[in-house]
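Build the full structure now, drawing on both the sequences and the hints.
Residue numbers (this note's numbering), protein chains in the order written: chain A, 35 to 147; chain B, 385 to 494.
No lab work stands behind these hints: they were computed from the structure.
Treat the hints with care, since some could be wrong.
Result set (DMTMM-like, lysine to aspartate or glutamate): computed pairs, CA atoms no more than 25 Å apart in a straight line [stated by the list, open to error]: (1) B:Lys486 - A:Glu116; (2) B:Lys438 - A:Asp35; (3) B:Lys385 - B:Glu401; (4) B:Lys486 - B:Glu401; (5) B:Lys385 - A:Glu87; (6) B:Lys385 - A:Asp35.
Sample of chain B residues facing chain A (criterion: CB under 8 Å; computed from the structure) [as the list claims (entries may be wrong)]: (7) Pro423; (8) Ser429; (9) Leu433; (10) Ser435; (11) Gly441; (12) Ile470; (13) Leu482; (14) Lys486.
If you're wondering where the values come from, they're calculated on a predicted model, not measured in any experiment.
A virtual CB, placed ideally from N, CA and C, is assigned to each residue, including glycine.
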Amino acid sequence: DSGVTQTPKHLITATGQRVTLRCSPRSGDLSVYWYQQSLDQGLQFLIHYYNGEERAKGNILERFSAQQFPDLHSELNLSSLELGDSALYFCASAVGTSGPTQYFGPGTRLLVL
Amino acid sequence: KNEVEQSPQNLTAQEGEFITINCSYSVGISALHWLQQHPGGGIVSLFMLSSGKKKHGRLIATINIQEKHSSLHITASHPRDSAVYICAVADPNSGYALNFGKGTSLLVTP
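This is the structure we're talking about:
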């Protein structure tokens with residue numbers, strides 16, 4: 035158990051819908067990273083938050099957004115969903131921003147029908 | 385972007401064999417990560433390396449910064465080692481977000 039929690043574990047929805055994925059980092063970790071794992075693209079970085087502020091963006095679509103709240107949990111919002119958004123979404127937490135070990139949550143498996 | 389290449393893509397070994405998975409990257413880095421992804425999907429961080437060698441149980445990871453190459457070795461492999469092993473490098477321009485290789489799928493048979 036990494037200490038990082040993600041909800042829900044599974045999500046099935048339809049094209050055009052909007053969903054919210056939630057991540058709670060390990061106690062004391064200020065950084066949250068979001069990653070997407072799909073069959074064709076593999077694992078790729080979406081966005082990074084540190085202590086409530088957005089720090090870096092990766093291959094995140096404009097239809098996707100995220101935020102980190104004062105209690106340090108983070109949410110990833112996916113809207114206007116398409117079939118190709120079906121993937122495993124992981125969050126990972128870390129103490130800081132200078133490259134320490136990242137601890138991964140169990141992931142949310144999203145299926146868009 | 386730092387290109388991360390892993391080899392082999394797939395690997396089948398018999399229980400007890402010594403296993404090596406290789407990783408190369410294109411741009412100098414501060415740290416390299418080895419991750420393990422179980423069939424159920426969960427990802428576990430095995431090592432973070434910036435130089436030399438690290439050992440944890442039957443797992444050994446080495447890195448050669450000059451050659452931009454790292455290896456993950458598994459000694460006395462066991463069926464429970466069956467998983468996908470992923471090499472990743474931290475990108476300082478993205479808050480040290482990880483840039484991943486495509487992974488090596490390992491199957492250890494009894």
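Verification of the supplied hints:
For the hint linking Lys486 of chain B to Glu116 of chain A, the alpha-carbon distance of about 24 Å falls within 25 Å, and the restraint holds. Restraint check for Lys438 of chain B and Asp35 of chain A: satisfied, since their Cα atoms lie roughly 22 Å apart, inside the 25 Å limit. Only pairs whose Cα atoms come within 25 Å are accepted, and Lys385 of chain B paired with Glu401 of chain B is rejected, the gap being roughly 35 Å. About 23 Å separates the Cα atoms of Lys486 of chain B and Glu401 of chain B, which keeps this hinted pair within 25 Å; it holds.
Between Lys385 of chain B and Glu87 of chain A the alpha-carbon distance is near 23 Å, which keeps this suggested pair within the 25 Å criterion. At roughly 32 Å between alpha-carbon atoms, Lys385 of chain B and Asp35 of chain A are farther apart than 25 Å, so this suggested pair is violated. Of the supplied interface hints, the one on Pro423 of chain B is violated, with its beta-carbon coming no nearer than about 13 Å to a beta-carbon of chain A, more than 8 Å. Because the beta carbon of Ser429 of chain B sits about 5 Å from the nearest beta carbon in chain A, less than 8 Å, this interface hint is met.
A cut of 8 Å between beta carbons decides the hint on Leu433 of chain B: the least distance to chain A is about 11 Å, and the hint is violated. For Ser435 of chain B, the interface hint is violated, since its Cβ never comes within 8 Å of a Cβ in chain A; the closest pair sits about 13 Å apart. For Gly441 of chain B, the interface hint is violated, since its Cβ never comes within 8 Å of a Cβ in chain A; the closest pair sits about 17 Å apart. Hint status for Ile470 of chain B relative to chain A: holds, with the closest Cβ pair at about 7 Å, below 8 Å.
A least Cβ separation of about 6 Å between Leu482 of chain B and chain A falls short of the 8 Å threshold, and the interface hint therefore holds. With a cut of 8 Å, the hint placing Lys486 of chain B at the interface with chain A holds, because the nearest CB-to-CB distance is about 5 Å.
The structure fails hints 3, 6, 7, 9, 10 and 11 (numbered hints given earlier, in ascending order).
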